[in-house]
Amino acid sequence: MTIKRMEIGPIMSRVVEYGGVIHLCGLTADDQSQTIEGQTQQVLAKIDHYLAEAATSKSRLLTATIYLTDMSMKDAMNEVWKSWIDRDNPPTRACVGAVLARPETLIEIVVCAAR
Amino acid sequence: MTIKRMEIGPIMSRVVEYGGVIHLCGLTADDQSQTIEGQTQQVLAKIDHYLAEAATSKSRLLTATIYLTDMSMKDAMNEVWKSWIDRDNPPTRACVGAVLARPETLIEIVVCAAR
Amino acid sequence: MTIKRMEIGPIMSRVVEYGGVIHLCGLTADDQSQTIEGQTQQVLAKIDHYLAEAATSKSRLLTATIYLTDMSMKDAMNEVWKSWIDRDNPPTRACVGAVLARPETLIEIVVCAAR
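Line by line, the protein sequences are chains G, A and S.
Numbering follows our numbering, with no gaps: position 101 of the first sequence is 232.
Numbering follows our numbering, with no gaps: position 53 of the second sequence is 184.
Numbering follows our numbering, with no gaps: position 13 of the third sequence is 144.
Looking at chain G on its own, in the form it has when it is part of the complex:
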């Protein structure tokens, strides 16, 4: 079975597909001056973008791991998350607190999806 890699950079591929499963790299917001709501929206838009590139969509998400710098921001993140997901087809999810790339990075999300 072949492995399909997209957006290959010096450190990682942004997208890797194998066996009908599409893995996305950990995604953070480009504009990290924004609040948790804004950063979450940016990350979810990136997920939409990469899923489309891999010919799938959020309705085919399997799992999501959400890392938050400050778990007190979880409720605010959840509001953006709930309005974004396909209500009939949400992935499994885990949300934990972790130190992220930079102090101003408030959220990082890793997902995998079916093709």
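Note that these hints are calculated values from the structure, not bench results.
Among these hints, one or two may not hold up.
One copy or any two copies: either way a pair holds, since identical chains are not told apart in the list.
As the list claims (entries may be wrong) - Below, computed lysine-lysine pairings styled on BS3-like, alpha-carbon distance capped at 27 Å: (1) 189 / 205; (2) 205 / 177; (3) 213 / 189; (4) 177 / 213; (5) 213 / 135.
Put chains A and S on the given structure of chain G with help from the hints.
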């Protein structure tokens, strides 16, 4: 290939099956007044429950990620873990420290299993 | 479909293969007196070792999750990482800060690969 989702809530599915692999959401204890031993037992009982719902069992576990609020509790968690797993068929595992949903949440576990 | 487990210990399997995907447990350095560069090299050598045992190699990596005790060490880790990966075939990656097994444990990596 179809995706099968179980226990769909407003934020996530508790169980997602695709391609013969069953993904469970991050699970925490319901009674978080308990010690790490008690919370671990509750989480492992939930894993048993959801795996049964997906027509599989702990002997078919592939991977486990264990998040602990306090890594000094790892040995105590391990005793409960070791008496629970199928000794002939343990999953791969990673155990790291992370901030969890609430201060009293001592453990969260994410697993995937084969059907 | 059968599950193949390798290096089964009392807590986990080091390697689990299912459906053409090989999962490795979370790996840390044996000599944790070393710097982040040395610990990263040790972990990557272990990954090479277990991938070979599972009859695959780093050019077939699908995903990597890197946990660092101190995110200020990310750039130093990245230098070792970049010289190790197959530049044409890197996995997806997420790198987050987390408390690890012992205070001197600077890095833990979890990967999965295609057979």
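Hints, verified against the model:
1. In this assembly of identical chains, the alpha carbons of residue 189 and residue 205 lie at most 27 Å apart only when taken from the same copy (21 Å versus 30 Å across copies).
2. In this assembly of identical chains, residue 205 and residue 177 lie within 27 Å of each other by CA distance both inside one copy and across copies; the values are 20 Å within and 23 Å between.
3. Proximity of residue 213 and residue 189 under a CA criterion of 27 Å is satisfied intra-copy only: 12 Å inside one chain copy versus 31 Å between copies.
4. Within a single copy, residue 177 and residue 213 get their C-alpha atoms as close as 16 Å, and across copies as close as 24 Å, so both meet the 27 Å cut-off.
5. In this assembly of identical chains, the alpha carbons of residue 213 and residue 135 lie at most 27 Å apart only when taken from different copies (20 Å versus 30 Å within one copy).
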